[in-house]
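> Residue numbers (my numbering), protein chains in the order written: chain A, 9 to 314; chain B, 9 to 314; chain C, 9 to 314; chain D, 9 to 314.
Rather than coming from a laboratory, the hints here were simulated on the basis of the structure. Be careful, since some hints might not be right.
The list treats identical chains as one, so a pair stands whether inside a single copy or across any two.
Distance condition first, Cα-Cα at most 20 Å in a straight line; then the derived SDA-like pairs of lysine to any residue [claimed, not checked]:
#: 1; residue 1: Lys256; residue 2: Gly197
#: 2; residue 1: Lys11; residue 2: Asp198
#: 3; residue 1: Lys156; residue 2: Leu187
#: 4; residue 1: Lys11; residue 2: Ser143
Protein chains: 4
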Amino acid sequence: MSKPGTSATGKIWTGNIVATVTPFNKDGSLDTKALRENFQLLRDEGIDGYVVMGDTGEFWALTDQERQIVTETALDVASGEIPVVVGCGAMTAQESIRLGLLAKDVSADGIMLTPPIYVRPGQAEIEQYYRDVISAVGLPTMLYNIPKRHSVSLGIPVVDKLADLDLVVAFKQSHESFLEVLETIRVAGDRLSVLAGHSVERGFPAVAAGADGYLSSVEPQVMGKTAIDMYKHAVTGDYERARDVQLKCVELDHAIHGDAGTFPASLKAAMNLVGRPGGYPRPPLQEPNANALASLKTALTKLNLI
Amino acid sequence: MSKPGTSATGKIWTGNIVATVTPFNKDGSLDTKALRENFQLLRDEGIDGYVVMGDTGEFWALTDQERQIVTETALDVASGEIPVVVGCGAMTAQESIRLGLLAKDVSADGIMLTPPIYVRPGQAEIEQYYRDVISAVGLPTMLYNIPKRHSVSLGIPVVDKLADLDLVVAFKQSHESFLEVLETIRVAGDRLSVLAGHSVERGFPAVAAGADGYLSSVEPQVMGKTAIDMYKHAVTGDYERARDVQLKCVELDHAIHGDAGTFPASLKAAMNLVGRPGGYPRPPLQEPNANALASLKTALTKLNLI
Amino acid sequence: MSKPGTSATGKIWTGNIVATVTPFNKDGSLDTKALRENFQLLRDEGIDGYVVMGDTGEFWALTDQERQIVTETALDVASGEIPVVVGCGAMTAQESIRLGLLAKDVSADGIMLTPPIYVRPGQAEIEQYYRDVISAVGLPTMLYNIPKRHSVSLGIPVVDKLADLDLVVAFKQSHESFLEVLETIRVAGDRLSVLAGHSVERGFPAVAAGADGYLSSVEPQVMGKTAIDMYKHAVTGDYERARDVQLKCVELDHAIHGDAGTFPASLKAAMNLVGRPGGYPRPPLQEPNANALASLKTALTKLNLI
Amino acid sequence: MSKPGTSATGKIWTGNIVATVTPFNKDGSLDTKALRENFQLLRDEGIDGYVVMGDTGEFWALTDQERQIVTETALDVASGEIPVVVGCGAMTAQESIRLGLLAKDVSADGIMLTPPIYVRPGQAEIEQYYRDVISAVGLPTMLYNIPKRHSVSLGIPVVDKLADLDLVVAFKQSHESFLEVLETIRVAGDRLSVLAGHSVERGFPAVAAGADGYLSSVEPQVMGKTAIDMYKHAVTGDYERARDVQLKCVELDHAIHGDAGTFPASLKAAMNLVGRPGGYPRPPLQEPNANALASLKTALTKLNLI
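Here chain A stands alone, though its shape is the one from the complex:
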């Protein structure tokens, strides 16, 4: 049996896949209008896929019912033409399975899985967690490594083993060292779609180096088509233009991760400032304070985004 949905190139879930925000109203309720608008806008601008209920989507703050609304809205806008991948990170396999089956109930294209949150397990334990969740859920899966949030790293030897599973189709590598991105390509690039994390600093360089794409959050949702086109420039060999966009992304990144508040509250605020549907965050995150908003506004103005 081959990997599900595998294309001629042997890869699915490639290109610029965006981890979307979940817009809330000021009263804390889900802003379903802004939610749909955001998916539609990104779609119109050429995005290659959605990840919902990632960190950017404040997954921790959503009820089951809200998760379903978010996934269904994304699927509706995607119309089967671009994938909708649902983040199912949790502290135990049991909970990740439960979330994965919710995603399956509404026919999501697949799930995204980090190692168990917070628990800091060893490599063998991480591998077992993945095997348990993947076999119980039965959907195509994107592995996701982001050591700075988990205090453990999903090691490449484990990725290498999991890559042999038919359901494991992609790997988002957000390890801070670029070496790990290349090492992932080298070891598992034959079987997985390797997607770079931190695209705001290394999206294009990773594609140049052989990645199949990248996971983005900041730049497409603030800069729109300009940022989304970066991947197209990269794969059509227009490195000059890809470079220009990437450097603009770096500037944007400084604005979002500087004094602008906690991510993704800062991203949402920036979206609002440029007239895109960011909405408000939910506790424990708060709308950035007045100083943060002012410095964000200055930075976005300097970037000609407002």
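Fit chains B, C and D to the known structure of chain A by using the hints.
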């Protein structure tokens, strides 16, 4: 109004408070017999309090019903003579409040609260989270800072503000820098019981420096009375003996955090090896493998613990 | 006045510039034969420049007289067709100036300067150090930032100011974050030749992203022409081949920085194993032990380099 | 043969040993008057020994002749009643030996040795470096580990081996983890005087835990007798007073390491502000700027030191 339960010295929850393991049977079910035995044994050996549903207790793997059994068993053994504090860490205030009210339902003495797990909020967001949970739950509260697990630190300026709340009675400082322990004593020692984390390396030195005690997990549950007496040596001025125990703890720490598997699975295995009721871990953690157990056995033998 | 030696593209010191080893005989004396052979071999294989007396060259272990021999040998082989840049890192401006004037005495093309070694100064102090050395020496200068060795980072605002000096022509950025490489290009790429450090993991990606080249040490001196051609593939748009070489470099990097001993002793040993003139290290470094050499041999064999 | 100068307790170089600043005049020349005054003042206040040419002494900025003046002045004030230990850190054994023999020429009591500066050698290489320097110099030696400056750690297994040498009499442990201080005491406390680094945060706690003393720089040179007495309080069992002083040191530490400029320029400025003989720093360090001095003044005023 003064702090609840405040003693003549103005502090409650002092001394050597142990974060207890939650023993499971090999089939994964809660081992209620071992659970009670462990509480009783520690009590008989002179422990000053229990924290249940901490990281050591694998809180992430317990159902609500099991949480209640654990808390009630601890309360039953404690007989109102030593405090039972219930860990209520979660990713949102909403969930922490829910867990706190569960603890209140069974008359726990108080709760222990870290900043929101995984989310990495800013200081103002962390403060708001604490205020929301503490006022909604209404139980005496131990703040808990452990940056290596949260990738954010509960800053001392926030602790200073929270210390003014009547319900905030203690602070467990597991920041890796000893400076932060001292700084906590300096800034909030007048209003809070300051308890050092990482007691296996700095329990006695922290008490010498003015801490009101420490949170332990490894040494009392493996070494028993010898370790538990360290606090008594410290406060009665028998520094010589306190030192001797502390150095033995350091050796034990190497055994537990070396090649012995993931914490607290390694701790449970060590407890079993010395004949104490550790039980098995639950996924995502696994019983340490044969090599790990062998190296653990060697280390414990060298320490004359088996 | 414009920058010295500025080409039509406004940049000098571009492409693949190699930090060369300094081969010693087993008795510790300078191996002048191997030294010349190494320069010649790299030259024949198409290298774009030499940095001598870098960390790779064990600058700390050389006498003044030996420094001059190394520089003159490099200059002799370079024949004025490729640049010879002399590392002048030291703990004070006074000593760096002394070393820079030694380099000037033998007509080196320029100097390479890190922030003051070991001292961990602040940004204003680093800037003053650079200004003092550059003006006193009067040679074209490559700034060099490698925070993991200095425990301080040469910040981009300081680079931005120094880039206005006519004598500052290049910047080697070895900050571990790829973001800093891009930020350097963005801020100072108009005035400086931006060269990526850690080329073994990010040489080609950096060039794709707009860097003017990179500083290498491991891959050209072990793999030779194959590695050196990577830059040519990159600038002629043959990204497929550039990628292939880069991934091979990653594998090599694992071999050199794994269990193979201290860098650059490990690099020298690898050179010897593949039949290139690496020579022996000088104390405090030691020839890798038998186990290290065996594991290095296995790795190089797997890479078809022996 | 036993250790040189070994007392009844088997230890020399115990208590509160201060790493002294080297005061310069505004024109950069050595301020020999302030130098002597500082030694004398500390002596009168009860200090237990001097380390000269440490990081605090800006060893990197001194000529050989100035090193001798500093050492001889210290020896003159010490009058053979307290030890004068000379820092001989360098990048190679050859240079450390040269500096050690300079110290021997003027009859210094011993030398202090870090692992080779900057080079980042492996453990076996570090051990060999120590053996080479110690046997060539032939003076009592204090090992010194400060990983944050060297990017390598002098491992305890190497310390354990070196402790068997008669000339190795003391070990300054500035590893950031308190665990390493305790581990040092456990492993080598029988043969070495174990002295804690970072005394400003853990001087008294380390002594309580069994250290033979500590190396200080900030607190005795700014606070004088109050700080110096902390050790006496500790060993006479007056923990209450030792604690009070330690907490005051923590506050002072914040002032010196906050916005007050680069260490030890910040320390020198603080000394001047409280009327002690700090003098000026030499490049690459600079006198703290006006803002830094103002914030330092505020902090010292709050501490009732001015």
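> Now look at each hint and say whether the structure bears it out.
We went through each hint and held it up to the structure:
1. Lys256 x Gly197: between (28 Å within a copy, 14 Å between copies)
2. Lys11 x Asp198: within (12 Å within a copy, 47 Å between copies)
3. Lys156 x Leu187: both (16 Å within a copy, 16 Å between copies)
4. Lys11 x Ser143: For lysine 11 and serine 143, only the intra-copy Cα distance (14 Å) is at most 20 Å; the inter-copy one is 52 Å.
Of the hints listed earlier, there is not a single one the structure fails to meet.
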